[in-house]
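A.B. asks: First to last, the protein sequences are chains A and B.
Quick note, the first sequence lines up with residues 11 to 278 if you use the working numbering.
Quick note, the second sequence lines up with residues -1 to 271 if you use the working numbering.
Wrong hints could be hidden among the right ones.
Below are the BS3-like pairs computed for lysine-lysine, each with C-alpha atoms no more than 30 Å apart in a straight line [claimed, not checked]:
#, chain 1, residue 1, chain 2, residue 2
1, A, K191, B, K132
2, A, K206, A, K191
3, A, K206, A, K267
4, A, K233, A, K206
5, B, K126, B, K203
6, A, K191, A, K267
7, A, K267, B, K126
8, B, K126, A, K191
9, B, K203, B, K132
Derived by calculation from the structure, the hints in this document are not laboratory data.
Listed below are the residues making up each chain.
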Amino acid sequence: MTPPELHDHTRSPRVYLGLIRDWTPPALLAAAAIALWEGLVWMLDVQRWLLPAPSVIVRELVSSGGLLIDHAATTLTEVLLGFALAAAAGILLAAAVASSRLLERSIYPFIIASQTIPYIAIAPLLLVWVGPEITSKVIVVALISFFPIVVNLVDGLRSTDREVVDVLRTLGANRAQLFLKLHVHAAVPYFMSGLKVAAVTSVIGAVVGEWVGAQAGLGWLMKVSGPQFQTPRVFAAIVVLSAIAIILFLVIAGIEKWLLRRYRRNSR
Amino acid sequence: MTVRPRAWRESMTPWTSPPLLDVRGLAKSYPPRRRGEAPLHVLENVNFSVREGEFIAVIGPSGSGKSTLLNVIAGLESPSAGAVAIEGDPQLERLGRIAYMHQQDLLLPWRTVLENGRIGLELQGEAKQEANRKTAALAERFGLTDVLDQRPWQLSGGMRQRAALLRATLPERRVLLLDEPFGALDAITRSALQAWLTSVLDRQKTAVILVTHDVEEAILLSDRVLVLRGQPGAIAAQFHVPLPRPRSQAAAADPPFIALKSALIHSLQAPWQ
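The shape of chain B in the complex, shown without the other chains (with noise of 0.2 Å):
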């Protein structure tokens, strides 16, 4: 199941309509730190797209490059090499187009979770009444109606992170993307918070990339399961999830999520370059 990028590529099906975000060729480098040391390569010939709807796991062992990746695609760093274009657009600004979720929740301590969510909605300029109006009912779906106004100081780790989702989803962007959103989180919250967003998630609308390195919860959410590797980090394999969305706990039981959960640690750990 193993295969390269370029034959990955080719063997992919053309879509219907463009890809809502494409990546191609992308490269990362670091210049060296100290004079004499060779440069840092993080990401070489990175190629992949997503569809609308589309959930994109992208799993790989610490040191492959998956936070940069995503902070290239969210537009927070520049490419060395290649392009990312959303809704076929290169030159398009992705900083405030593209939404993102890190692994720690970088919720601002002197704001309520009311403020904390809406404030996507108010650097947008939109008035304060109507981004309340909006936050608060978003937080309804969230669960966190009770803890409005409250500071993240005073939750737990869980609803800090239903938080910081919910302040990264209420703009309504088109993309988003999740650096090990419940990485930081104890095991039964991990996965009450897997399945819940699986639930509030908008299918519709919403692309996802999810960057983990926990292959179940890779397999458990996502369409397509991406596998970054080497260093330089490059997509050393995909996997399609044959299994209907959304998937309960439940679902790690059944033999094709097995099969797959084995081929995925195989892909893992098979020698790599």
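Okay, chain A solo, but in the shape it has when bound (with noise of 0.2 Å):
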């Protein structure tokens, strides 16, 4: 129905001028504050292995880019498997806790107290159990991501108002149809907003795992590069593990933007 001159305006001018006085500031900030640390690093002197200058890392990310990818791989698999196993179960769990007051007062209480589980001592024990393969990692990944899936589901499930639910009762709608053609639809940007803060926590809970026992993965390289004084490599890889979860961010936010263009308000 919208003309096609109404697009356009996406690759207009003002748009470019809109997106450069978006990022000019913290460009700039970055700037200035890889500047200082390289100076600071240079002038005191300091040890490589102790501190790298931001151009050492920089060095070190080319030198051994096929090691940071192929450990990426692995990390970022673990990544993906967890992040996929934590939205399942978090939209079963969202699904069970929404729909019945009972299974709430069951689940509920122990989807909190599962996040009080401190995952790196957990974590040697999953390792014991499933093996020092990827599992394991996949397992912590998971299990930190859940949480925020499932508590902002349940809100979204539960975010319609009264008078909504009451217009399409006297429609006749039965529950089935009051949960697909309601509930799902309006809780779809509390979902979006529950993946991206566990896309964030899924880069955290892979290395998490790593860190207590694997064979691979950045997390494991960061492990073994620390203690040969391979601080550079330490840097790099928290780059492209940070690069990571930037990037999954991105993307989910991505398609929500895509998913909310309907929605109007929730949408930016």
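Please dock the two separately framed chains into a single complex, following the hints provided.
C.D. replies: Structure follows, in structure tokens:
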């Protein structure tokens, strides 16, 4: 329905000006911080095993590129599998909690209690239970990530005004129809918020899992590089990890924007 | 003109056909929120019936239980005492049999006007194509054809109320409840929509119960005005509107209209138990 010229403004110079305005301050801040870091390291002659200069880290990123990519692939696999597991479990749990007060009262306390478990303590046990392969890491990722998904989705499934529910009831909707035609749609913005948080925590989960016991992965690489005084490599791994988390976040934010294009208020 | 419920019930003429909707001895109270508080009595001994094609206005101050009355009639809440019968059967499930439109449009923001309009048919399991066809056909009468692909938040308040009425009326129920349907609109849009409402409603089939606190709106649209007053609310008086329908805004200047309006206002303000 919308005439095509209305879409063209996304490519107009004004939008580029807007992008420049949005991104210039953080870019300048980052550049200043990196320059300060670089300058201080050279001026104070800090040993590179103690704190490598940014230029050293960049050089490490290039020279160990292949190694970093190999380990990043392992970590990314753990993150994606754990994330998918968390999303699936989160959807099931949230649907159960939102569908009945009895289930809510019985399940919700355990969901909250699960977040008080120190994963660093349980990760070695997982290693014993399921072996040193990728599975233990996937489980840690899922355990950390399902919580924001469940909590947000439960809120979302409950976010509908009673009056809107009443409108559909007077139109003859049964419980299943209310769930599928109303609650699920109303929950989408909340669900996507939960996924964005989970995207970041899932990377942390993978590192925790690898730290405790693994044969590969960026977390493992950091763990073995540190004691060998290969501090530039530790920092390079952190850069790659951050990049993974940011990209994952941006991908989900993009999907969110696409899904919420019809909701107006919730899409920014 | 103020008559107590019992008296006017006896004065009612026996209908040739059973009433479409019959409200008998209806009471609604809510249990106390906290211990030690008294229960909240919202409605007590409400009696009236509505015939096919009849347009009834229920008028009363805020807090007289107007919306609660509609919620009970719609089947959203169960009465504490008494019964509501449609087509003579008080056991019949009323959810899905009575159309209900609220003051807010309550349209689903992720659905277009077409998708919002057809949802009642969708819930009945009607095939999508057929539902779309019916929706588009009625939308034409409602003046919504040009906005069928738009979402509610792209429309003005008046258009959203039209879309809400489209959704309520598409499943073709025999009773339509209107809870201050134009209350949230500006005066100009409101009077335009009042005139429009009389033109789109199928007088032959639908019985309408309109809840409002606008005296003029009540007289302009209805055959009969019920005054709901008191706490708990009860029907304090009823007035027949002796003017031919449909009425234009100009009718508001007619002497009978003005006389009825002052009588109604008097009955709303007169001391009441």
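A.B. asks: Against this structure, judge whether each hint is valid.
C.D. replies: Results for each hint:
Distance restraint check for K191/A and K132/B: the Cα-Cα separation of roughly 20 Å lies within the 30 Å cut-off, and the hinted pair is therefore satisfied. Using a Cα cut-off of 30 Å, the hinted pair K206/A and K191/A holds, with the two alpha carbons roughly 24 Å apart. Distance hint between K206/A and K267/A is fulfilled; the C-alpha atoms sit about 12 Å from each other, no more than 30 Å. Distance check on the hinted pair: K233/A and K206/A sit about 27 Å apart at the alpha-carbon level, within 30 Å; holds.
Of the supplied pair hints, the one linking K126/B and K203/B holds, its CA atoms being roughly 25 Å apart against a limit of 30 Å. Of the supplied pair hints, the one linking K191/A and K267/A holds, its CA atoms being roughly 21 Å apart against a limit of 30 Å. For the proposed pair K267/A and K126/B, the alpha carbon gap of about 28 Å is at most 30 Å, so the pair holds. For the hint pairing K126/B with K191/A, the CA-to-CA distance comes to about 14 Å; that is within 30 Å, so the pair holds.
Restraint check: the Cα-Cα separation between K203/B and K132/B comes to about 18 Å, which is no more than 30 Å; the hinted pair holds.
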